[in-house]
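Below, each chain spelled out in residue letters.
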Amino acid sequence: MSSVLSNPLRLGLRQERVIPPQSLVIFGASGDLTHRKLIPALFELYLQRRIPSEFGIVGCARRPWTDNEFRAKMKIKLSKQISGNEKEWDTFSNYLFYESVDLQQSDHVVRLSKRLNEIDKIQATHGNRTFYLSVSPNFYASGCKALKDAGLLDDPKKSRVVIEKPFGRDYSTAKKLNKIVQSCADESQIYRIDHYLGKETVQNILVLRFANTIFEPIWNRNYISSVQITSSETVGVEDRAGYYESSGALRDMLQNHLTQMLAVTAMEPPGKFEPEAIRNEKAKVLQASKLADENEPWNCCIRGQYGDGGNSSNRLKGYRKEDGVHSNSTTETYVATKVFVDNWRWQGVPFYLRTGKRLPKRLGEIVLTFKDVPVHLFESTIINPAPNQLILRIQPNEGATFKFEVKSPGSGMKSRPVEMEFSYDESFGEPSDEGYVRLLADAMLSDPTLFTRSDEVEAAWKLYTPLIELMDNSPWKLPIHNYESMTWGPPESDQLLSKDNIFWRRP
Amino acid sequence: MKPQLTLQTPLELPNDEISNYLNQLWISEDSYNSGANTFSLIIWQPAWLEQHLVRAGLINGPITGYLSTEIVEVAKQFILDKGLPLTTSLSSNELFKLLEVNSADRDAEDFRGQFFESSISTLNPRRLITLAPTLNNNSGMKTFVSAYCPLSDSSAMQPICGDLVVFRGDSNSIVNQGLKIIDELSIDELPSWLWWNGNLDESSEIFEYFSNNGLRLIIDTALGSPNRCLKVLDQLIKSNKAINDLNWVRLKNWRESLAMIFDPPSRRPILDHITDIDLDIAGDHVLQGLFFVSWISDKLGWSFVSVNKDNELFKIEFKRRNGEKIHTSINPLPLGNPSIHLGQVIGLRLISKVSEEQRNNTCIILGCESVECMRLEAGGMADMQLIEQVVPNSFYSSESDVSKLLGSSRGNTSPLFENTIKIALQIFSAFNY
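Going line by line, the protein sequences match chains A and B.
Note that the working numbering has the first sequence beginning at 1, numbered continuously upward.
Note that the working numbering has the second sequence beginning at 508, numbered continuously upward.
Do not rely on the hints blindly, as some may be mistaken.
Selected chain B positions facing chain A (Cβ under 10 Å, derived; list incomplete) [stated by the list, open to error]: (1) V579; (2) K583; (3) I894; (4) S915.
DSS-like cross-link-like pairs, simulated, lysine-lysine; straight-line CA separation at most 30 Å [to be verified]: (5) A:K361 with A:K321; (6) A:K158 with B:K911; (7) B:K860 with A:K157; (8) A:K157 with A:K114; (9) A:K272 with B:K759; (10) B:K860 with B:K822; (11) A:K462 with A:K290; (12) A:K272 with A:K462; (13) A:K317 with A:K290; (14) A:K284 with A:K321; (15) A:K272 with B:K911.
The calculated label-pair distances, taken between Cβ atoms and stated as ranges, are [claimed, not checked]: (16) A:P409 with B:V897: 28 to 36 Å; (17) A:E276 with B:I894: 38 to 46 Å; (18) A:S53 with B:G808: 26 to 34 Å; (19) A:S136 with B:L697: 40 to 48 Å; (20) A:S188 with B:L697: 36 to 44 Å.
Derived by calculation from the structure, the hints in this document are not laboratory data.
Every residue gets a Cβ at the ideal spot worked out from N, C-alpha and C, and that includes glycine.
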């Protein structure tokens, strides 16, 4: 994003929703997510003047910190964001409180409850609370139970629980977890976060589809031949080996982020722009989705793991040589799969989803490839006329590109592809909010539109159950293919598409 | 959305029984339902045009207070038939006087206060109090009361109910009797709004009573003389009263469209070199145009230098921080089929000069959907880089704009509007209107 002054005529025109008075309680406040995402997002909301004066942020973790220690630690961790906004940080940090809490200890939660009552009085937050479980997934169920037992979830209008991914390890654990969580709180109080849905560009898919007349009539099997959804990272496992070894690309990315992008791309128009109407449509799409070959799922999925790579100046070590990774690890760092959505709109249209680490580019995109024209009247300047493609770029360089054929200049009648481009940066020149800014605000505003409902989560796990069972019971049928770091995954993933005479788009 | 009627016919009650009746209503009707916990809304609802048209037999009624397409069409036809200028405003005294002359003494049922748009009823106001002045100066005052429960789309939801009170009678009776009761009807714990759905020139005693009463005000400065409207704004600003002006709300599309032009960072430098802004407005009610120019100058940090009137043309000069002058003008244009809202902005031309070479300079033209912008396009602008955009007409009814304010505003004056008013007042006082 280029650094430009804001549009002065735009200042004050946006009608942002103001968050109602409340306390945001973060469990796992000493963890990475708190200082990397949550507090920066809250500080950003503060700078946008969307945090009311009656507000409190209560960090909770086992470490015996004081309010001031918590404030000081956050100040150090957020030094980059604070730079230039020191005065604002000083005021903002008055919202920060800390309580040493072990969620497994009921007396700790009772103590927390009393502290929250005190903060209610000091900050005038009216007992309105959002609890953010930024803890190990193993503690989601017990955390919710502890909150319920302390009576902190009794009022469905005044308390909400935000739960991070992963929500379960497979269909049965997700179902079980849903049952426990729903026994502690009403579904309307539960906000399962998927930060991809907080991205402006993912939300823009809804606007692009349902605020324009021209796309919806062709957004179906009659005009679209295939859909590719890609999320690639250049980084390796970094310092997340402990978590990643038990997770892998399928559980970490495919089941949630990519599947949510599929849902938003393939859903039917909702009757109203209301949370339940949208979530109903997304759930229906996921329930109608299935692997391209459920009986022999190894035919429609490729797993990979990055090996050594890079160049002489920047040698990159393979996954098995990373710190904390088992030397014979069979955890996939790359997964590609083919899915069908079995409904009237999408019957027969393959959706190819891929995600991986140590790929050549950091990128998220959705590519809709349209069917070929019935008759090629014109010769192309390249071998064949390229099919029309609509490319929705989720990150970076957020925007959209439409590829179509035009007459190549000259006396002949040859066609050649050109691109029509929309870039957020060029059109608006203002960085869009981080996903967490949007989602935290939505949770505190009790707006569940961009959070996944229990049936969506379960349907997404169910979709990949044949693959998960295969990985757990007969992993040799779904082997791990090695790929060189900084390449586009194992060659076998190309074959997944070439069988259909299609190729991955090289972004 | 279609207007809604209350299911129950409002009950006519003596004034001294109203308060007691309303208190009893919520106790006896449903012990679980003590009424919506939302807001009270008082509406000044004169509907003079509608009343005159009914009396002249040009429409059949019932009188609703809602400015329907039929009312507008019939009034415009009347203007045409009687040879009045096509630019005649639908709220002008001239029109009302002529309708009075053509009175056929017809009457119709008066549903004001019990007939309101669903965009407002879906907000579940707890108490709607309608002041419905009649044309007849000696009609006395009658008071009607009813409970109402807007029906929800969702059958699972328990209806959220409110009540309504209508004071119908001549303005004097409303002043003498109605205002005394209204205090008793206020619900202290809920915010109270006043929507002055009439001309700001009229019934100033009633308006001032409410504006001094701490209510959140919704007014329309397109109704009433610019002089009086600005005086009202001046008083309200000085006394720190919350103001919501529908004339400002209707300017939103223009402010948004102009801001949109400068969203691409590559266009931002244009803003630093603006030399001229010309605004076209429909009719001679200058306030909305003045708001628009004042808002631009506030956002771009210009200071006001001078104003003068050349025939009908307002010429206002501003100064940038670096001392460069910016010439702006507001041009009232007569339109054959004017908007029901007086003085609507219909076109804007903005010129930014970075060099002597015309082709390096930029001309931005915003035009509304229904009016040609030939005038703004003339004068050699074609040699400049031209950016043109059509601003969508605002088709929302006043009721719809009011419901948005009720639903989203905390009742305070928008800081953008507050700054705009201050500059507009500065310009106007310099002009000594």
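**Q.** Restraint check for A:K272 with B:K911, where alpha carbons must lie at most 30 Å apart
**A.** 18 Å, holds
Q: Verify the proposed pairing of A:K317 with A:K290, using a straight-line Cα cut of 30 Å.
A: 36 Å, violated
**Q.** Evaluation of the interface hint that places B:I894 against chain A, nearest CB under 10 Å
**A.** 14 Å, violated
Q: Could you check if B:K583 really has its C-beta closer than 10 Å to a C-beta on chain A?
A: 33 Å, violated
Q: Would you check the hint for A:K158 and B:K911, treating anything up to 30 Å between C-alpha atoms as holding?
A: Answer holds: A:K158 to B:K911 is near 25 Å, not above 30 Å.
**Q.** Hint check, B:S915 versus chain A [nearest Cβ-Cβ separation less than 10 Å]
**A.** 7 Å, holds
**Q.** A:K361 paired with A:K321 [C-alpha distance capped at 30 Å]
**A.** Holds. A:K361 to A:K321 sits at ~22 Å (cutoff 30 Å).
Q) Does 28 to 36 Å hold as the CB distance between A:P409 and B:V897, or does it fail? A) With Cβ atoms ~32 Å apart, the hint holds.
Q.
With the threshold set at 30 Å, check whether the alpha-carbon distance from A:K284 to A:K321 stays at or below it.
A. 42 Å, violated
Q. Under the criterion that the straight-line Cα-Cα distance not exceed 30 Å, is the pair A:K272, A:K462 satisfied?
A. With Cα atoms ~27 Å apart, A:K272 and A:K462 stay inside 30 Å; holds.
Q | Satisfaction of hint between B:K759 and A:K272, Cα-Cα up to 30 Å | A | 25 Å, holds
Q.
Please verify whether B:K860 and B:K822 have alpha carbons no more than 30 Å apart.
A. Status holds; Cα separation ~19 Å.
Hint check: violations occur at hints 1, 2, 3, 7, 13, 14, 20; the rest are consistent with the structure.
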